[in-house]
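**Student:** The listed protein sequences correspond, in order, to chains D and W.
Under the numbering used here, the letters of the first sequence match residues 1 to 324, in that order.
Under the numbering used here, the letters of the second sequence match residues 325 to 633, in that order.
By construction, these hints were calculated from the structure, which means they are not laboratory data.
For each residue, glycine too, the CB sits at the ideal point set by N, CA and C.
Mixed in with the good hints there might be a few duds.
Have a look at the derived ranges for each label pair, beta carbon to beta carbon [what the hints assert, rightly or not]: (1) Phe-617/W <-> Leu-42/D: 33 to 39 Å; (2) Phe-73/D <-> Gln-406/W: 35 to 41 Å; (3) Leu-42/D <-> Ala-466/W: 24 to 30 Å; (4) Gln-230/D <-> Phe-518/W: 55 to 61 Å; (5) Ile-344/W <-> Tyr-178/D: 49 to 55 Å; (6) Pro-527/W <-> Pro-115/D: 31 to 37 Å; (7) Tyr-178/D <-> Phe-352/W: 37 to 43 Å; (8) Val-187/D <-> Phe-352/W: 42 to 48 Å; (9) Phe-417/W <-> Leu-248/D: 36 to 42 Å.
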Amino acid sequence: MSEVVETKTEVDFTESPQPQNPKRLSGKNSFSKNIPFYLILLPAVITVFMMQYLPMFGLLIAFKDYSAKAGIFGSPWADMGGFANFVTIFETPKFMDAVWNTLWLNVLSLVFSFPAPVILALLINEVGHTGFKRTVQTISYLPHFLSVAAVTMMVNQLLDEYGLLNAILKPLGLEPVYLLKDADAFVPTYVITEIWRTVGWGTIVYLATITGINSDLYEAAQIDGANRFQQVTKITLPSILPTTMILLIMKMGTLLGSSFEMVYGLQTTAWKDEVIATAIYKFGINQSEYGLSTALGLMQGVIAFSLTFIANTISKKVANISMW
Amino acid sequence: MMEKIKNSRGVGKRSLGRKIFIVCNTIFLLLCSFTFLAPYINILAKSFNAAGDTMLGGVTFYPREFTWENYDVVLKDPNIGQSAIISLLRVIFGSLFSLFLQYSVAYVLLRKGLPGRSVIVMFFTIPMFISGGLIAEYIIYAKLNLYNNFLVYILPHSFSFYNMVIIRTYLMGIPESLLESARLDGAGEITILFKIMLPLSMPIVATILLWCAVAHWNDWARTLYFIDNEDLYTLQYRLLLAKKDVQELEKMIQNALESGRPLGTIEGDVSGESIQAAQTIITTVPIVLTYPFFQRYFVSGVTMGSVKE
Numbered sequence: 001m002s003e004v005v006e007t008k009t010e011v012d013f014t015e016s017p018q019p020q021n022p023k024r025l026s027g028k029n030s031f032s033k034n035i036p037f038y039l040i041l042l043p044a045v046i047t048v049f050m051m052q053y054l055p056m057f058g059l060l061i062a063f064k065d066y067s068a069k070a071g072i073f074g075s076p077w078a079d080m081g082g083f084a085n086f087v088t089i090f091e092t093p094k095f096m097d098a099v100w101n102t103l104w105l106n107v108l109s110l111v112f113s114f115p116a117p118v119i120l121a122l123l124i125n126e127v128g129h130t131g132f133k134r135t136v137q138t139i140s141y142l143p144h145f146l147s148v149a150a151v152t153m154m155v156n157q158l159l160d161e162y163g164l165l166n167a168i169l170k171p172l173g174l175e176p177v178y179l180l181k182d183a184d185a186f187v188p189t190y191v192i193t194e195i196w197r198t199v200g201w202g203t204i205v206y207l208a209t210i211t212g213i214n215s216d217l218y219e220a221a222q223i224d225g226a227n228r229f230q231q232v233t234k235i236t237l238p239s240i241l242p243t244t245m246i247l248l249i250m251k252m253g254t255l256l257g258s259s260f261e262m263v264y265g266l267q268t269t270a271w272k273d274e275v276i277a278t279a280i281y282k283f284g285i286n287q288s289e290y291g292l293s294t295a296l297g298l299m300q301g302v303i304a305f306s307l308t309f310i311a312n313t314i315s316k317k318v319a320n321i322s323m324w
Numbered sequence: 325m326m327e328k329i330k331n332s333r334g335v336g337k338r339s340l341g342r343k344i345f346i347v348c349n350t351i352f353l354l355l356c357s358f359t360f361l362a363p364y365i366n367i368l369a370k371s372f373n374a375a376g377d378t379m380l381g382g383v384t385f386y387p388r389e390f391t392w393e394n395y396d397v398v399l400k401d402p403n404i405g406q407s408a409i410i411s412l413l414r415v416i417f418g419s420l421f422s423l424f425l426q427y428s429v430a431y432v433l434l435r436k437g438l439p440g441r442s443v444i445v446m447f448f449t450i451p452m453f454i455s456g457g458l459i460a461e462y463i464i465y466a467k468l469n470l471y472n473n474f475l476v477y478i479l480p481h482s483f484s485f486y487n488m489v490i491i492r493t494y495l496m497g498i499p500e501s502l503l504e505s506a507r508l509d510g511a512g513e514i515t516i517l518f519k520i521m522l523p524l525s526m527p528i529v530a531t532i533l534l535w536c537a538v539a540h541w542n543d544w545a546r547t548l549y550f551i552d553n554e555d556l557y558t559l560q561y562r563l564l565l566a567k568k569d570v571q572e573l574e575k576m577i578q579n580a581l582e583s584g585r586p587l588g589t590i591e592g593d594v595s596g597e598s599i600q601a602a603q604t605i606i607t608t609v610p611i612v613l614t615y616p617f618f619q620r621y622f623v624s625g626v627t628m629g630s631v632k633e
């Protein structure tokens, strides 16, 4: 807490002697005059400092041989110049498995669930009947509002031996499937559930962008004899490209950060795949391997930021589209 | 407006190919809608189906043997009642606290000439990019006495920079002259905040409250991480436990079959599919029934965020 207050007064000290901004009404926007504003700010500053800034010191644990008794600052530094935990991660199969699983799940969901909302948005946009369009949109939002706990429960009941899937397969004369007991079924189930959960909600941004396209463009294209398909490929798609690129860049940052809730919720006796987030929880909190788990989390954060940065740089160079 | 453009594009020269496309598109979108709804309707059907009958399998979209019994069982469970209260308290206090923090920062940042404004902005931006991660939070929150404490639902991650920016954008639409005249009349900043700003910004307040409420209602990971006391479990966490119980049941049945034990001795311990279906419905129904009405607040938030620049 004290630090924050300090920085504030410091800034006041350096800034107040100079005239702030010639446009200001009176020019005497002194610190004391603004005290009510700082007071209003105080609860937010205290909360964010305690809840978000204090845990940042906890990142030190990644470089320490942590023991609960000695605490974060008291614990000795880890071997190999503090990097022992990171080396252990690379040498431990259970951690590396989690890293590869995370990457694999995210690459798959990037390939399949990223384009899905674009396609759905284009199709919804082609609907002429307003009522039908609205209904389809509203229904497609439903999964977004369901909790992950409910979703995983539904997946469980759907794929159960006696569940809906087999109830539908049976009259069609198809063999029943036992997906919940099949370890290989986890990855496809995860990816399909993610598409189901996110596709409808994902269309919002694209539909808003499509609505914003200047209708003159389409009229001009029609006069030039472009058919509907050409209008979509030559006008609609290029118009939503900037939005798509930004969303893609943001998605790159999550390549190592798959949803804890989804994976943990889906896990069963047969589906045992761990991702980074579940590994951090299980090895960190359940098995008290604090140093290793924090190192794993830090690694994930750094890689995520680098991926976003790289994707943004490439996009800036190639298409001149940038997040910042 | 949209419709006019649509019609001007469509009417007049509908070729055969276009007609075929429209039919296929409609069928495809109907199928999609069915897929979005089917799992939920299936759960709904199971929740109204007699538990013993559900065990036989094959329940699709309507209950075969209608009963209220599953709901009776769930609603009479004292644990569920307790969890519902906790969930409700979390939604109310969590959302109000989040709104309070975000609104107050948004209001203060409206004041352009505030000394140290850029430092304040930076202070609230940094946590968006750097976080201590789960383990560090676990250790620090335990030190702050938040472990097994209801406040762990309210305080952590209560401030969202994104929401704050959205509130601020809205507040910037309120004419500055209104505030200046109130100040000239001798109103204090807190009075202005509560008597002028808040009533004028009810639409955005409602929107942010709804966002927070849905997030609080649906979350269960925080209970898993930080709560060990059954009295503080939320509805969603109970649902997760029930889901995990199914696997326990399966394991028990598997073991029983292998060791030749009669099934009857274990069945009573763990709730069946229909009971869990009823629990899922009860946990989700407040949102499922209301989201068609409040979805536009969410939609406007998504578009606001993306068309910000």
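**Student:** A separate judgement is required for each hint: does it hold in the structure or not?
**Tutor:** Hints, verified against the model:
no.: 1; hint: Phe-617/W <-> Leu-42/D: 33 to 39 Å; verdict: holds (36 Å)
no.: 2; hint: Phe-73/D <-> Gln-406/W: 35 to 41 Å; verdict: holds (40 Å)
no.: 3; hint: Leu-42/D <-> Ala-466/W: 24 to 30 Å; verdict: holds (25 Å)
no.: 4; hint: Gln-230/D <-> Phe-518/W: 55 to 61 Å; verdict: holds (57 Å)
no.: 5; hint: Ile-344/W <-> Tyr-178/D: 49 to 55 Å; verdict: violated (40 Å)
no.: 6; hint: Pro-527/W <-> Pro-115/D: 31 to 37 Å; verdict: holds (34 Å)
no.: 7; hint: Tyr-178/D <-> Phe-352/W: 37 to 43 Å; verdict: violated (30 Å)
no.: 8; hint: Val-187/D <-> Phe-352/W: 42 to 48 Å; verdict: violated (26 Å)
no.: 9; hint: Phe-417/W <-> Leu-248/D: 36 to 42 Å; verdict: holds (38 Å)
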